[in-house]
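Q: Here's the letter readout for the chains.
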Amino acid sequence: MDMQVAKKKLGLKERYAVMTRGLDWTPSYQKMEDIYPYIAYEGIKIHDWDKWEDPFRLTMDAYWKYQAEKERKLYAIIDAFAQNNGHLNVTDARYLNTVKLFISGISPLEYVAHRGFAHAGRQFPGPGPRVACLMQSLDEIRHAQTQVHAISNYNKYYNGMHDFHHAHDRVWFLSVPKSFFDDAITAGPFEFMVSIGFSFEYVLTNLLFVPFVSGAAYNGDMGTMTFGFSAQSDEARHMTLGLEVIKFILQQDPANVPIVQRWIDKWTWRGYRVLTLVAMMMDYMLPKRTMSWKEAWEVYFEENGGALFKDLARYGIKMPDCAAQIALEKDHLSHQAWSTFYNYAAAANFHTWMPDEDEMAWLSSKYPESYDKYYRPRMEYWREEAAKGNRFYNKTLPMLCQTCQIPMIFTEPGDPTKLCYREVDYKGDKYHFCSDHCKKIFEDEPEKYVQAWLPVHQIYQGNCFPEGTDPTVEGFDPLAAVLKYYNLEFGRDNLDFEVSEDRKNFAEWRGQATKNV
Amino acid sequence: MQIDLRTVSIKPLRHTFDNIARRIGADKPASRYQEGTLDMQQTANFHYRPTWDPDHLIYDTARTAIKMADWYAFKDPRQFYYGAYTLARAKQQDTAEANFDFVENRGLAATLPDEVRDTVLQMLIPLRHVAWGSNMNNAGICAYGYGTAFTQPCIYQSMDQLGIAQYITRVGLLLGDVDVLDSAKKAWMEDDAWQGLRRYVEDCMVIKDPVELFVAQNVALDGLLYPLVYETIIDDVLSSKGGTPVAMLTQFMTDWYTEVKKWIDATMKTAAAESDENKAILGKWVVAWRDRAAAALLPVGRIALGERTDELTAEVVQQFNARMAKAGVPV
Chain W
1 MDMQVAKKKL GLKERYAVMT RGLDWTPSYQ KMEDIYPYIA YEGIKIHDWD KWEDPFRLTM
61 DAYWKYQAEK ERKLYAIIDA FAQNNGHLNV TDARYLNTVK LFISGISPLE YVAHRGFAHA
121 GRQFPGPGPR VACLMQSLDE IRHAQTQVHA ISNYNKYYNG MHDFHHAHDR VWFLSVPKSF
181 FDDAITAGPF EFMVSIGFSF EYVLTNLLFV PFVSGAAYNG DMGTMTFGFS AQSDEARHMT
241 LGLEVIKFIL QQDPANVPIV QRWIDKWTWR GYRVLTLVAM MMDYMLPKRT MSWKEAWEVY
301 FEENGGALFK DLARYGIKMP DCAAQIALEK DHLSHQAWST FYNYAAAANF HTWMPDEDEM
361 AWLSSKYPES YDKYYRPRME YWREEAAKGN RFYNKTLPML CQTCQIPMIF TEPGDPTKLC
421 YREVDYKGDK YHFCSDHCKK IFEDEPEKYV QAWLPVHQIY QGNCFPEGTD PTVEGFDPLA
481 AVLKYYNLEF GRDNLDFEVS EDRKNFAEWR GQATKNV
Chain G
1 MQIDLRTVSI KPLRHTFDNI ARRIGADKPA SRYQEGTLDM QQTANFHYRP TWDPDHLIYD
61 TARTAIKMAD WYAFKDPRQF YYGAYTLARA KQQDTAEANF DFVENRGLAA TLPDEVRDTV
121 LQMLIPLRHV AWGSNMNNAG ICAYGYGTAF TQPCIYQSMD QLGIAQYITR VGLLLGDVDV
181 LDSAKKAWME DDAWQGLRRY VEDCMVIKDP VELFVAQNVA LDGLLYPLVY ETIIDDVLSS
241 KGGTPVAMLT QFMTDWYTEV KKWIDATMKT AAAESDENKA ILGKWVVAWR DRAAAALLPV
301 GRIALGERTD ELTAEVVQQF NARMAKAGVP V
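Going line by line, the protein sequences match chains W and G.
Take the first sequence: its position 175, counting from 1, is numbered 175 in the working numbering, and each next residue is one higher.
Take the second sequence: its position 69, counting from 1, is numbered 69 in the working numbering, and each next residue is one higher.
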């Protein structure tokens with residue numbers, strides 16, 4: 001037996017390199033372009049995949065160990081929450097509507113992220129980004145599942161969540177988040193990384209994931225809070241990946257810069273439009289508010305995002321132009337959105353309501369420039385009408401923006417009294433947009449956006465009724481037929497919070513749990 | 001004797017989500033595997049076609065020749081959702097760590113007979129590249145397959161194979177140095193013994209049909225490689241020559257394969273039982289990829305088995321055929 005020579009001790013970085021990059025080889029029996037067929041068509045040039053800096057160094061053995069520990073704790077809390085009727089500890093039953101919005105609007109996106117990162121990981125020829133993407137793919141299925149498992153208990157007691165997968169693919173407003181992720185996953189792998197990895201996970205996560213989790217913490221929702229906190233270290237990894245991806249692409253070739261800039265512009269706006277739902281959640285749906293939408297935008301985008309774009313300036317990237325318009329909208333966004341959902345409460349899977357006097361005072365103080373002047377009078381009127389038994393439900397269908405798919409409810413930048421409309425003629429058809437930015441996104445890729453499955457168009461074309469429905473019979477009730485297609489139950493899943501079964505049950509159950517009747 | 005702890009009991013409105021109730025036939029409490037798996041993938045009203053594959057929808061049953069009336073007919077007998085998966089792997093990881101510690105602390109690597117050590121370096125270490133190929137192939141099955149019941153286990157499989165590639169790397173570093181990895185890679189790239197296998201792995205990387213890729217990678221290649229390398233060569237042949245420490249270092253792979261085989265067999269059984277057409281296609285794929293895999297493994301097996309290679313490989317193929325026959329796939 002030979003004497004063993006003392007071994008070279010590998011540093012962390014070298015050790016991680018032999019555990020990942022060292023595994024890869026340059027194929028010779030198949031051509032690179034056949035193995036990685038989707039890597040060239042976006043025009044991004046990568047000269048040296050080895051320049052990739054691993055943003056974190058986690059081998060699988062450490063990953064399993066660390067994640068299993070988190071799962072053990074998380075499921076122990078979820079079980080305890082269910083056993084103790086934890087749902088009765090939320091601030092008030094209106095809060096539950098946030099949970100409905102989350103499970104039907106956000107959780108399905110976690111699943112798409114899982115598949116999208118599997119796709120991107122499979123397609124990148126560089127072993128560094130591949131491993132990071134596949135690890136994120138694995139994390140994302142975790143997030144989808146822990147959310148379903150945590151919210152499963154709420155579904156047992158409250159309405160609106162019972163068929164959330166089915167709803168996500170069909171209900172009108174859910175096409176806003178769905179089309180956002182469909183847009184990302186149908187883009188090329190590099191754009192996917194910029195859209196989800198960078199814009200969504202890095203720039204906007206503090207405005208999406210964080211408000212829901214903080215809202216849960218403020219409102220006594222232990223279930224949602226726990227999966228949120230448990231996902232925090234995963235999210236931190238995803239954020240570092242998002243930032244590394246963008247820097248790597250930009251450093252590889254100057255020709256990449258304008259392409260990436262266009263993607264950042266597009267996805268910041270696309271993401272911001274999805275955040276409309278979060279804005280109204282923060283300002284209207286949380287009984288105990290964490291902060292206003294406007295404050296969140298100022299802290300997380302204008303301050304933190306501003307610093308980020310300053311940092312990216314050395315690569316030739318600038319703050320997206322749309323930031324100027326978003327700044328003009330921040331006094332209006334949540335109010336316009338909530339008014340719309342108040343209107344269409346008959347066709348949604350959650351309840352809406354008018355804010356009470358204290359809440360209106362909070363809104364006035366947070367939005368001194370806009371709330372009293374433009375929105376309070378409208379809301380007071382609706383409240384008075386509701387008190388007289390005339391709760392207003394809008395029975396017509398709104399026109400949708402071809403790109404973001406939000407009803408065309410937004411006002412002209414700088415003029416909150418005038419609705420903003422834009423249109424484009426393309427191949428003999430007219431397409432409508434809520435803003436210059438959505439219009440521009442369409443004009444850059446019209447062949448993609450003409451495909452959009454717009455819920456209102458689909459209803460008018462008769463595609464959103466249960467099979468066998470005859471809309472020509474006398475007395476045909478289109479709303480009832482659409483709700484059947486959505487699998488929503490009229491009077492239980494929809495309408496005003498005041499008349500909801502959730503409200504009644506919550507009061508009764510809380511009484512049962514806290515009083516001796 | 002039982003104690004009766006009281007909790008406030010409230011009658012729930014429903015016991016699970018509607019989609020689960022429709023699938024399990026009634027509104028009754030569902031398992032976490034069911035709630036975390038069934039219908040997780042979107043199925044309707046996609047907005048745009050992939051710019052990278054405009055002939056298909058984002059998720060599309062037409063990417064494979066296999067036809068299923070319901071892609072949720074597949075069930076993972078391990079009932080793995082993420083939580084169950086990581087807990088299972090963390091436990092195996094503990095054992096693996098203890099084994100590595102045991103071998104390392106007692107200096108057992110130095111006690112290996114030269115013949116065994118050389119065999120391990122020549123035959124086992126290049127397999128880290130095969131595992132890396134499987135990491136990539138299973139990512140592809142997950143990305144382009146249809147239905148969470150079929151695709152979910154593939155991301156677990158993908159990351160397991162990355163883990164295996166990393167365990168093999170650690171074995172290399174324990175028995176030698178970084179140059180051990182370099183020579184193994186050189187052999188993988190250049191030595192005749194490895195070219196059949198490398199060609200096989202690279203050919204898998206261009207298979208477009210996710211179920212065929214599943215057959216080529218998880219059924220055929222792994223179905224021969226794991227029994228041959230880990231059970232026959234390491235656990236039997238090398239152990240009898242004083243190589244038991246090696247068997248300790250690869251226990252993860254042996255245990256892992258015993259476990260994943262159940263899922264692979266269940267998947268084949270369900271797909272084959274669906275229709276005669278499926279059965280015929282699967283049979284054709286299995287036979288073609290099995291024959292290629294067996295031929296590619298012969299020179300690799302020969303490194304350890306010498307003149308007994310043909311005989312022992314034939315045994316492994318025979319066991320494989322019996323497995324497939326049991327799953328209802330004609331071979």
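Hints are computed from structural coordinates only; laboratory data are not their basis.
Don't be surprised by glycine CBs; every beta carbon is placed ideally from N, CA and C.
Among these hints, one or two may not hold up.
Said to hold, decoys possible - Between beta-carbon pairs, the in silico distance windows are: (1) G:P330 x W:K430: 30 to 40 Å; (2) W:T472 x G:A69: 27 to 37 Å; (3) G:K208 x W:K430: 48 to 58 Å.
What the hints assert, rightly or not - Some residues of chain G that are not near chain W, with every Cβ distance over 12 Å (derived): (4) Q2; (5) G25; (6) T61; (7) Q92; (8) L162; (9) D203.
Claimed, not checked - Taking lysine-lysine pairs in the BS3-like style, the calculated list, with each CA pair at most 27 Å apart, reads: (10) G:K326 x W:K31; (11) G:K185 x W:K13; (12) G:K241 x G:K279; (13) W:K430 x W:K440; (14) G:K261 x W:K515; (15) G:K186 x W:K9; (16) G:K91 x W:K73; (17) W:K13 x G:K186; (18) W:K65 x G:K67; (19) G:K67 x G:K284; (20) W:K7 x G:K75.
Q: It remains to establish, for every hint, whether it holds in the given structure.
A: Here's how the hints hold up against the structure:
1. G:P330 x W:K430: 30 to 40 Å: violated, 58 Å
2. W:T472 x G:A69: 27 to 37 Å: The hint (27 to 37 Å, Cβ to Cβ) holds, given that T472 of chain W and A69 of chain G are roughly 33 Å apart.
3. G:K208 x W:K430: 48 to 58 Å: violated, 39 Å
4. Q2: holds, 17 Å
5. G25: holds, 16 Å
6. T61: Given a closest Cβ separation of 15 Å, the condition holds.
7. Q92: violated, 8 Å
8. L162: violated, 5 Å
9. D203: violated, 7 Å
10. G:K326 x W:K31: violated, 38 Å
11. G:K185 x W:K13: OK: K185 of chain G and K13 of chain W at ~20 Å, within 27 Å.
12. G:K241 x G:K279: With Cα atoms ~43 Å apart, K241 of chain G and K279 of chain G exceed 27 Å; violated.
13. W:K430 x W:K440: It holds: about 15 Å lies between the C-alpha atoms, which stays within 27 Å.
14. G:K261 x W:K515: violated, 55 Å
15. G:K186 x W:K9: holds, 22 Å
16. G:K91 x W:K73: holds, 16 Å
17. W:K13 x G:K186: holds, 22 Å
18. W:K65 x G:K67: Not OK: K65 of chain W and K67 of chain G at ~38 Å, beyond 27 Å, violated.
19. G:K67 x G:K284: This hinted pair holds, its Cα atoms lying about 15 Å apart.
20. W:K7 x G:K75: Since the Cα atoms of K7 of chain W and K75 of chain G sit roughly 47 Å apart, the hinted pair is violated (cutoff 27 Å).
The earlier numbered hints that this structure contradicts are 1, 3, 7, 8, 9, 10, 12, 14, 18 and 20.
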